[in-house]
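Engineer: Single-letter residue listing:
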Amino acid sequence: MVYLEFEKPLEKLHSQLDKLQEIVEDGEIDMTDKIKELEQKIKKKQKEIYSKLTDWQRVQLSRHPERPYTLYYINQITKNFVELHGDRCFGDDEAIVGGVGMIDNQPVVIIGQQKGINTKERQRRNFGMANPEGYRKALRLMKMAEKFKLPVITFVDTPGAACGLEAEERSVAQAIANNLFEMARLRTPILVYVIGEGASGGAIGIGLGDRVFMLENTWYSVISPESCSSILWRSWDYKQQAAEALKLTAKDMLGFKIIDGIVQEPLGGAHYNPEGMAKLLKKHIKKQLKDISTIAIEELLVQRVEKFDKMGEFETVES
Amino acid sequence: MSWFKRFKEGIQTATKLKRSIPDGIWIKCKGCGHTLTRKKLVANLYKCSKCNYHMRIGPVEYFEILFDGAYQTHFENTRSVDMLKFKDLKSYPERLEAAKGRTDSSEAIIVASGKLNKIPTVIAAMDFNFIGGSMGSVMGERISRAIDLCVAERMPLIIISKSGGARMMEAAFSLMQMAKTSAKLAMLHEAGIPYISYMTDPTTGGVTASFAMLGDINIAEPGALIAFAGPRVVKETIKKDLPEGFQTAEFLYEKGFLDLIVDRAEVKERLGQLLAILCAPMSQNDKTAGAIIESKEVPSPAEMAPVNQEEAT
Ligand SMILES: [Zn+2]
Chain A
449 MVYLEFEKPL
459 EKLHSQLDKL
469 QEIVEDGEID
479 MTDKIKELEQ
489 KIKKKQKEIY
499 SKLTDWQRVQ
509 LSRHPERPYT
519 LYYINQITKN
529 FVELHGDRCF
539 GDDEAIVGGV
549 GMIDNQPVVI
559 IGQQKGINTK
569 ERQRRNFGMA
579 NPEGYRKALR
589 LMKMAEKFKL
599 PVITFVDTPG
609 AACGLEAEER
619 SVAQAIANNL
629 FEMARLRTPI
639 LVYVIGEGAS
649 GGAIGIGLGD
659 RVFMLENTWY
669 SVISPESCSS
679 ILWRSWDYKQ
689 QAAEALKLTA
699 KDMLGFKIID
709 GIVQEPLGGA
719 HYNPEGMAKL
729 LKKHIKKQLK
739 DISTIAIEEL
749 LVQRVEKFDK
759 MGEFETVES
Chain B
275 MSWFKRFKEG
285 IQTATKLKRS
295 IPDGIWIKCK
305 GCGHTLTRKK
315 LVANLYKCSK
325 CNYHMRIGPV
335 EYFEILFDGA
345 YQTHFENTRS
355 VDMLKFKDLK
365 SYPERLEAAK
375 GRTDSSEAII
385 VASGKLNKIP
395 TVIAAMDFNF
405 IGGSMGSVMG
415 ERISRAIDLC
425 VAERMPLIII
435 SKSGGARMME
445 AAFSLMQMAK
455 TSAKLAMLHE
465 AGIPYISYMT
475 DPTTGGVTAS
485 FAMLGDINIA
495 EPGALIAFAG
505 PRVVKETIKK
515 DLPEGFQTAE
525 FLYEKGFLDL
535 IVDRAEVKER
545 LGQLLAILCA
555 PMSQNDKTAG
565 AIIESKEVPS
575 PAEMAPVNQE
585 EAT
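First to last, the protein sequences are chains A and B.
Going by my numbering, the first sequence runs without a break in its numbering and finishes at 767.
Going by my numbering, the second sequence runs without a break in its numbering and finishes at 587.
Simulated from the structure, these hints should not be mistaken for laboratory data.
A virtual CB, placed ideally from N, CA and C, is assigned to each residue, including glycine.
Honestly, I wouldn't trust all of these hints.
What the hints assert, rightly or not - BS3-like, lysine-lysine: derived pairs with alpha carbons at most 27 Å apart:
hint, chain 1, residue 1, chain 2, residue 2
1, A, Lys591, B, Lys529
2, B, Lys509, A, Lys687
3, A, Lys500, A, Lys484
4, A, Lys758, B, Lys361
5, A, Lys568, B, Lys514
6, A, Lys730, A, Lys687
7, B, Lys359, A, Lys699
8, B, Lys364, A, Lys699
9, B, Lys361, A, Lys699
10, B, Lys374, B, Lys392
11, A, Lys735, A, Lys699
12, B, Lys513, A, Lys568
13, A, Lys705, B, Lys361
14, A, Lys500, B, Lys361
15, A, Lys527, A, Lys730
16, B, Lys361, A, Lys687
17, A, Lys467, A, Lys456
18, A, Lys500, A, Lys456
19, A, Lys687, B, Lys324
20, A, Lys758, B, Lys374
21, A, Lys568, B, Lys509
22, A, Lys758, A, Lys493
23, A, Lys687, B, Lys364
24, B, Lys359, A, Lys687
25, A, Lys705, B, Lys359
26, A, Lys500, B, Lys359
27, A, Lys758, B, Lys359
28, A, Lys489, A, Lys727
Claimed, not checked - Rough simulated footprint, nothing fancy, chain B against chain A, three-plus residues with beta-carbon under 8 Å:
hint, stretch
29, 497-504
30, 535-548
To be verified - Across the chosen pairs, the derived CB separations fall in these ranges:
hint, chain 1, residue 1, chain 2, residue 2, range
31, A, Pro513, B, Asp515, 32 to 42 Å
32, A, Thr480, B, Asp356, 54 to 64 Å
33, A, Lys597, B, Gly530, 30 to 40 Å
34, A, Lys699, B, Asp356, 33 to 43 Å
35, B, Asp356, A, Glu614, 36 to 46 Å
36, B, Glu371, A, Val750, 31 to 41 Å
37, B, Lys374, A, Lys734, 45 to 55 Å
Input sequences plus hints: build the corresponding full structure.
Structural biologist: Now the structure itself:
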């Protein structure tokens with residue numbers, strides 16, 4: 449287990465628990481009561497820690513090295529998933545994965561940013577920062593979903609779109625813009641889940657849908673707290689303040705009606721209980737798919753444009 | 275040429291809006307250092323007579339260059355609010371106040387309608403002096419309403435982009451304007467109405483990654499910076515110097531993202547040409563096409579009151 453700074457109190461309790469379990473495995477001593485007591489203690493501590501997280505701590509949780517990524521969820525919630533590759537123009541960008549599979553009896557297309565689980569994979573997947581061909585692959589799969597009338601599910605988890613010579617040369621801006629344009633008129637339902645980081649244009653590039661949800665310990669904003677700090681405070685040291693100022697948590701987003709709901713995470717967070725998280729997510733997706741299937745596509749398209757058209761806060765002054 | 279005459283005589287300036295370039299007598303060219311008189315600069319459409327550098331100008335100047343005569347501004351009563359109580363080194367209301375001091379624009383984008391080579395057209399133009407032309411809720415809303423106006427009146431749309439990108443002080447609301455404007459452009463597309471994106475220096479960030487790149491036709495001014503991540507950020511990321519001419523209009527043209535690079539002196543003629551062709555089918559079967567999409571909100575005649583009453587025809 450990796451423990452973040454504010455999770456440290458749990459580390460001690462967990463190591464105590466590990467020791468007790470070792471003793472049990474070794475021999476005859478009955479430790480049932482002791483273990484139970486310690487487990488209660490851990491739960492209590494978890495509740496204490498995770499019920500009063502600061503915005504910055506939530507940002508840290510969204511990037512927890514043990515937090516499950518897109519492919520983990522895909523493998524947990526689908527059967528017969530086949531990952532598909534390439535944008536048919538330039539190449540295959542591994543920062544975005546996508547393919548077809550079954551959620552119980554429902555065929556779906558699933559697309560999401562994918563971070564790596566070790567140094568080598570992280571580099572290969574560019575830390576989940578997609579290049580233009582990643583967004584174009586995503587669109588290609590969405591168009592296929594439209595053709596076969598399959599609902600699209602996207603998992604957003606990115607610190608932003610790729611930044612570099614190639615991303616600009618092949619215009620990641622155009623790729624994102626085109627995805628937004630096409631997703632607004634895609635003739636099949638789209639569900640969006642922010643499962644980790646939802647940063648900037650890189651996130652919204654696969655984030656326009658009929659229903660948008662965030663897992664409890666994720667964030668969504670126009671810029672990361674670090675970059676915001678560096679631009680507005682002209683220093684990298686104000687990330688905590690920037691995180692607060694940006695109002696980027698799931699709760700904030702729900703309050704602003706930018707998202708439709710929050711998917712609760714198991715006690716201790718998605719990284720503490722990935723399997724439990726996947727189960728909750730699957731249940732949520734199944735319910736949403738069922739609800740949305742009752743809406744005629746023409747109606748859904750009108751609602752989709754209206755949903756985003758309503759977003760924004762301004763006042764009307766007397767002229 | 276009528277625009278030249280208007281510039282020379284100094285008429286046709288919308289009374290509510292201020293020119294972006296102040297009335298100093300000498301202005302130094304950022305391209306070559308050459309000094310020009312304001313009078314000469316105006317006569318040359320704010321381009322350097324020596325190196326043809328296109329100076330940054332605001333909505334008023336573009337409206338004067340592009341519209342045949344009188345034009346009306348719209349939706350100016352929509353104004354930014356500090357939804358998030360955002361405060362960094364300054365508060366958002368302080369930044370808004372400062373912006374209003376620098377320019378008379380009511381936001382970073384001004385929407386106007388008028389005739390371009392006799393074709394009724396909606397033009398939305400950005401003001402870089404207003405918090406870097408940044409995109410917040412009001413910019414998104416004004417573009418959305420401009421699109422509604424285009425659909426209702428069967429008019430083509432031109433958006434002149436000049437923006438540093440997202441307005442951070444509106445955080446996720448700012449981000450959502452990318453989705454909002456693109457979704458509305460999809461609606462405009464379904465209605466069969468032309469949209470020309472006109473990118474000027476600079477066009478970056480969320481503006482580039484939404485409506486600026488979505489024109490039926492994408493054009494740009496020579497030398498304009500057009501990017502998603504700005505050159506400074508790219509340079510810091512790759513820790514190398516950038517190639518010569520990287521992220522200029524010429525670079526994007528070469529890579530296939532722009533249809534045309536147009537000198538400011540020719541832009542009205544070129545836009546007129548394009549609109550005459552693209553709008554021809556629209557005027558031929560107005561009724562059937564108009565039925566495809568119903569507009570959510572059509573501005574009332576009062577909202578469309580001309581800026582320059584005496585010029586209105
Ligand atoms: Zn010059």
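Engineer: Of the numbered hints stated earlier in the document, which are not met by this structure?
Structural biologist: 6, 10, 19, 22, 29, 30 and 34
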